[in-house]
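Using the hints, position chains B, C and D against chain A.
What follows is each chain in one-letter form.
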Amino acid sequence: MRYLPLNETDRGDMLARIGVNSIDDLFADIPENVRMKELLDLPKRASELEVERKLSAMAAKNTSAGSVPFFVGAGAYKHHVPATVDHLIQRSEFLTSYTPYQPEITQGTLQYLFEFQTQVARLTAMDVANASMYDGSTGTGEAVLMAHRVTKRNKAVLSGGLHPQYREVVEGLSNMAGDRVVSLPADPTGTEDILSQIDDETSCVVVQSPSFYGQMIDLKPIAEKAHQHKALLIAVFTEVVSLGLIEPPGTQGADIVVGEGQSIGNGLNFGGPYVGLFATRQKYVRQMPGRLCGETVDAEGKRGFVLTLSTREQHIRRDKATSNICTNSGLCCLAFTIHMSLLGQAGLTKLARINHGNAVKLKKLLAGIPGVEVLNSAYFNEFTIALPKVAEDVVEQLAERGILAGLPVSRLEPGNKDLANLLVVASTEVNTDEDRAAFADALKEVLA
Amino acid sequence: MRYLPLNETDRGDMLARIGVNSIDDLFADIPENVRMKELLDLPKRASELEVERKLSAMAAKNTSAGSVPFFVGAGAYKHHVPATVDHLIQRSEFLTSYTPYQPEITQGTLQYLFEFQTQVARLTAMDVANASMYDGSTGTGEAVLMAHRVTKRNKAVLSGGLHPQYREVVEGLSNMAGDRVVSLPADPTGTEDILSQIDDETSCVVVQSPSFYGQMIDLKPIAEKAHQHKALLIAVFTEVVSLGLIEPPGTQGADIVVGEGQSIGNGLNFGGPYVGLFATRQKYVRQMPGRLCGETVDAEGKRGFVLTLSTREQHIRRDKATSNICTNSGLCCLAFTIHMSLLGQAGLTKLARINHGNAVKLKKLLAGIPGVEVLNSAYFNEFTIALPKVAEDVVEQLAERGILAGLPVSRLEPGNKDLANLLVVASTEVNTDEDRAAFADALKEVLA
Amino acid sequence: MEEPLIFEFGSLETTGVDLDEDESAEFELGGFRRQAAIGLPGLAEPEAMRHYVRLSRNNYAIDSGLYPLGSCTMKHNPRLNEKMARLAGFGDIHPLQPVSSVPGALELIDSLAHWLMVSTNMSAVAMSPKAGAHGELCGMMAIKAAHTAAGRDPKIVLVPESAHGTNPATAALLGYKVVNIDAKDDGTVDLEALKSTIAEHEGNIAGIMLTNPNTCGLFEREVKQIADLIHAADAYFYCDGANFNAIVGKARPGDLGVDAMHINLHKTFSTPHGGGGPGSGPVVLSARLAPYAPLPFIRRTEDGLELVETNAATKDGEQPFGRMTAFHGQMGMYVRALSYMMSHGSDGLRQASEDAVLNANYVRVGLQDLMSLPFGERPCMHEVLFDDSFLKDTGVTTLDFAKAMIDEGYHPMTMYFPLVVHGAMLIEPTESESRAALDLFIATMRDLVMSAKRGETDRFSGAPYLAPRRRLDETGAARNPVLSWSEPEPAEVTPAAAE
Amino acid sequence: MEEPLIFEFGSLETTGVDLDEDESAEFELGGFRRQAAIGLPGLAEPEAMRHYVRLSRNNYAIDSGLYPLGSCTMKHNPRLNEKMARLAGFGDIHPLQPVSSVPGALELIDSLAHWLMVSTNMSAVAMSPKAGAHGELCGMMAIKAAHTAAGRDPKIVLVPESAHGTNPATAALLGYKVVNIDAKDDGTVDLEALKSTIAEHEGNIAGIMLTNPNTCGLFEREVKQIADLIHAADAYFYCDGANFNAIVGKARPGDLGVDAMHINLHKTFSTPHGGGGPGSGPVVLSARLAPYAPLPFIRRTEDGLELVETNAATKDGEQPFGRMTAFHGQMGMYVRALSYMMSHGSDGLRQASEDAVLNANYVRVGLQDLMSLPFGERPCMHEVLFDDSFLKDTGVTTLDFAKAMIDEGYHPMTMYFPLVVHGAMLIEPTESESRAALDLFIATMRDLVMSAKRGETDRFSGAPYLAPRRRLDETGAARNPVLSWSEPEPAEVTPAAAE
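Chains as they are written, first to last, in our numbering: chain A, 206 to 653; chain B, 206 to 653; chain C, 289 to 787; chain D, 289 to 787.
None of these hints come from the bench; they were simulated from the model. A couple of the hints might just be wrong.
Each computed DSS-like pair below joins lysine-lysine, with the alpha-carbon atoms no more than 27 Å apart [to be verified]: (1) C:Lys483 to C:Lys472; (2) B:Lys259 to A:Lys266; (3) D:Lys443 to B:Lys525.
Which residues of chain C face chain A? A few of them, derived with a C-beta cut under 8 Å, are [said to hold, decoys possible]: (4) Ile350; (5) Phe378; (6) Ala419; (7) Ile535; (8) Ala539; (9) Gly564; (10) Arg576; (11) Gln607; (12) Gly610; (13) Thr613; (14) Asp643; (15) Tyr650; (16) Glu721; (17) Ser749; (18) Arg757; (19) Leu771.
These numbers were taken from a predicted model, which means no experiment stands behind them. C-beta: ideal position from N, C-alpha, C; glycine also.
Looking at chain A on its own, in the form it has when it is part of the complex:
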């Protein structure tokens, strides 16, 4: 087998050196009645050529985003990632290294984590960021738990603009942990009254902006009300590119900012692996979940980096840890950091402008189609339209015409008639005028 360096001679010699007769002598601790004598009921080894053939055939059954006019967003976004990024993250020294517990020989990883933390803190206008969570949704769950620790309360208020699957993650965790969650109804237009839900039992308010539906939300009044009640504002985003153009949550009063970083450096990958961004105020740093990389010096006084404040973490603190997270999204952080280093603020701002500009163009085009209503006034690169038909059917018909047109809200929020005709549509720098025209033409056709 191509991955196994030992040959039969090696194996025989090594068993002799160990002083046993057969390999099964080394497995003698496994009770005889459950020790397998036969192979698993699975295919035998396959050549690289064969594996490649089979998996390529499977992959070929899927319609890739890059092969069609593509407008699906809702938490994951099709962006163009420079070839340099993928080249660099495949460097053996990055790809096949472990978590940097031995800092003397992992300064490569540690330094990029320090760069990553700084980038995230600046993007969000917060003091400190950690070295990543699994993704935006699990990060949101962790943020709520952190708010409970900070406030010593256990009631979270979730905006109706929060991504429904993020909401489900928070609810699931809270239900299991015995915490309370108040989830507001779906709010496509950003007009819910969340302020009235905040009281002295509230540990945190969780608000997404731009919302799941694309609507920009004014966080300042919410932060103000929350702080009056000594509750925290957790600001969530799913499209990190938006931070290149819109006011960051940090300057709007957020206490914890959490979001999805996939758009920068990372592909769609059918939903994972992604990279959760997590930032907060300096004063809360010891309540943060996840890894932190800090600056220090070595025995010769040279600057170096280490994982730090690990007394918060499970491998030291065990059942008193701030989170059970261990492995996070190291390599996705690296992709993020490299792509962001290439962009810089000049590039990011421009990228964000292009994204927004493309969304504005698309909105105008779609708004001109009879029966289509755009629900959002202020938005970044996605918005919600109300269709005169069930959105899920329309999307299927568009898919048959070779256009992947967006997310029918009902896929995530089934059974709510008010939402059945809503479609969340995203537009990024990859969309061309031709893509938009094809979408509009096909939609007209389907609605006609």
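Leaving out everything else, chains B, C and D in the frame of chain A:
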């Protein structure tokens, strides 16, 4: 522009530091009347996204070998290359390094070249191999020039089984250099009388085995006759995988062995870059063209490698050099060396057996089609068939049916009626039973 | 040359990404446009390339040397898997594009699920957990959901002291009280102690979290009895699958009484560790827990595969406890793991486990006369645990010893874990190492031990000498955390210099 | 750790490639089956990965540092180009599959040809040469063919002493006698000397081979006059295009009277050097030479692009002199080069040349007070040439100085070339370097010069100290060449040991 680190501020400051007013002051040596004031009449800079779109669209117009049943060989072969090979050759330290003129900091390149030379020498059963030529065809041209230097004669005899384009390369160079070439007529079956062409004026006989038509050639009598006349035998191959299964030229008496190494580690690439393999006897080493890597020691006595015998080369010897070659096929050597290291003789032998076995299966299938005649008795992984129709037309019709069926000999040897119906067909490990059946069925249809 | 931070040499004006902007575009941001600068420098592409290539060269990696981190399973990462994960049909599909446009994605996930279930003999698998610890959380949530469904609310989870920190952390996260269970002198669970602990907390035990093979590198011989005791107490057996790589094709957790076990695809099935992730931690479940598997899941029907994403789409007997994450989990890792499993096949997977165990025992016998085995000279599984008694009176600590390995070209083994032995050193060579590589490693380790015993303490206390950095001040880092870069204060100007 | 050769640790039984063999296959080899073993060891995939990763780490590379090799043009290699070259539609097409199945390939080659012709203002381009020297050969063969067609047979080619070694080697290969032409004190061709040489060999001159900008980093101001003199002598002007990168978008060879010029795609257009290739050397041709362009070529017609591969397919006015290579040349490099050119565009290409020249002059002024410029403080083009007079009486040679640069983290500059100045040091930073990188380089060079002048000879004579190897014995290597590995002789057994 994303590849240029200087910004306008830098440029201004640097011009000031240099003490000139404008960039054009640095170009003042270019006469004013030819110095360009305007941009070239070419498109302006393009984003990575844009370039990727345009080139992908161009690429998509071509039918890739991996996407259809594929049987074209004739000097370039579709093999499966392990993913590890492409990963490793893209290591920055290999990809973006220069020719190893500074051995202290290029031992990586030098050591793999030493491994490459050893692999090639062992495959061909020769004493020494160089660090590569551009490809098999130019290597053959260089081999003939080397034979002229060794024998101090200038007449080369080329077998009719030599790849027609290799023949053209040798003829072109010889014509220009004032040397003589005797090229025998096309010889699909390996039955030409080449022995009678060898005389005391002959510097070398150039014989390909397996021949362009796939036929195995017995080199021993040719070597014997050549040596009687103090001429050299240059043995050529285009499919290096054959050396895993057949008697190597070295044990058959060849004096120079030259061939194409593309099959191992390198893709089809529409004909280039490839890697020319070149080996000879120890006694001729100082007449060899191209780079040589040799073992030595450093100032502390540690083993190391250097480019050596460079007094043969143009950068030292100038107009007395053995060749004008400078840049060769470094990275393609690396791909070859890695793939060959993975295979080892165990893997190479098996790969060769599979190639041959697939060719035998294909031959049987095609031989069973009415009107099809197989011309070769002994062959490795390709052979020639005579069709009842013009081969070029048949190939086009098969291409329309989604099968790339081989090379019509007339494409390279136009105007020869005897060859018009001949098709050279290759089969490698990538061909499946389904591929072969599809080919045979389609051919039956086309010939019906 | 020291490599600066991007903030120290990048420029706010520079960008390494060219973008085509339509300058006539309009804005509909509703007054939310960012006012202040972001403060992120950009790099031209050549600068970025060189910066990150140089950084990488300060890292140790499996691809550059033996990486004997016990419990972490640093094995070869085939590049075929990387290539497969990058096929557009896997890497460039959106988690929420129409299900009808991704049949191959469902097929891939279902295929991997099948391989996981067959190799563990379990009834279901929750695919979505994002890493091992997330899998633990998922498994324990399924257990909690099962208790709730049965109208029970037990408060205690049993965890042996040798467990990974994630085990107690996970239990605590769900509000459970963690009760320790003792080990025998041989490093495995003390069945009598377990019995009395269960008796003590009768009716209040939710489950046990046990790693098997355990973190001492030993297979729990009495695992079946443990499972029976737990089940008899109306509790569930959660198995930490971090060490599953030792027994693939040799034993199936489903045959051992396990109710839930996460599988670290980045350990057992070789998806790259990537400097700390991404991982992937699918959880296999017994028939009793299968109904509670979280959303989303794929249902096999006569008409093919159906993706179930919401409660509204569930059928009788499907009672998902909730959702672990947005979308479908770590698709990119699934592709890599399936590619790895298909490549090995049933025979190769078994062989890999055997070779891993063989290599660990080869290291054990190569070192056991000089180093100290806390549990005697019995065979180990895929990793071998030493304690620091062989360093007694040498003045060399486990940490010193580990750092000295760096100067010999090796990554240290896992240190001070598990907590059950003093100065633990846990070595896992994996099946990826050749015999020659092991011989060299053993010889180097023997040389280090002899050196320590000869009292050459400088070689250890100051180590590493040859790494990109000497030992780093971790205490200082934690006392005064500097977690992001800030513009240095302008240097104070002394009056003399100012003149 | 020292990395052994594959022959020293690989095994003849091992293979790192799994293959599915149908054991029932038959043989039709006609008695030519190989009898003896090949003697090639195999490596399991993890072994191969580690071996070549470790080897790579002994290499210097542009991606890891400034690489100031004059005349070699070590600039950034964008990875976009690597990605494009690997598209199946380019990387996985066969040179002899039906032309109808590769219209995109013809389009790509034709597009690149267009970019090359427009940027040089030349009439045709021979695409197939495989590298720069091969392009020289092609260009000189076209010149020879033109002479032959005109019934002439001149025997002499003029080459200045500053030329690359490939120039005289190429001329000699075609049977020409190489006659030197002198340079003036300012490093450029002496027009008067040229006139008298032409007069001396009247009627017998085939052409001149001139590098412009020349290898002293200077633009030949009188290039047009040189061209006129050569043309007046019924001869052709071959321009070595190795330094074309200095003037793209600033001057066009076609406007300078050039008849043929190769373009090193691996220099000017940034295809990676790859440790010594593959390169690619298309040759642009003037209208006078265009008819003799070798096979194959692409003909533009009203119906689209036609591939001409044989003499039989030529039309009137097409008189190809032959063929340089099998197939179509370096397609993989064409894709990379076109990707590079499209990325830059007409504005970016011009800017790149300007930045290359700016960077070289910035280095020049940063060092000219300490090092010695053989031709005075005039502006240079893309590279700056120093001689060793600044090292006089220091006991430090050019070689020593260069090797000391290695210890400072830099690749040495080109040394002892061109031959026209004593102890030449030719520095080409390229446009890929940032100002900060140049400042650091200049500071380091200044420090080295001061150190040499202070007489710190040990720092130089023993250098490099910090590289993977100290200075290597090249004389020994050449005296007794060991060009391939062989099994070491068994160590001699002394009688005592044998007992």
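Problem set entry | Violated constraints from the hint list, given by number and in increasing order | Hint check: 10, 11 and 17 fail, others pass.
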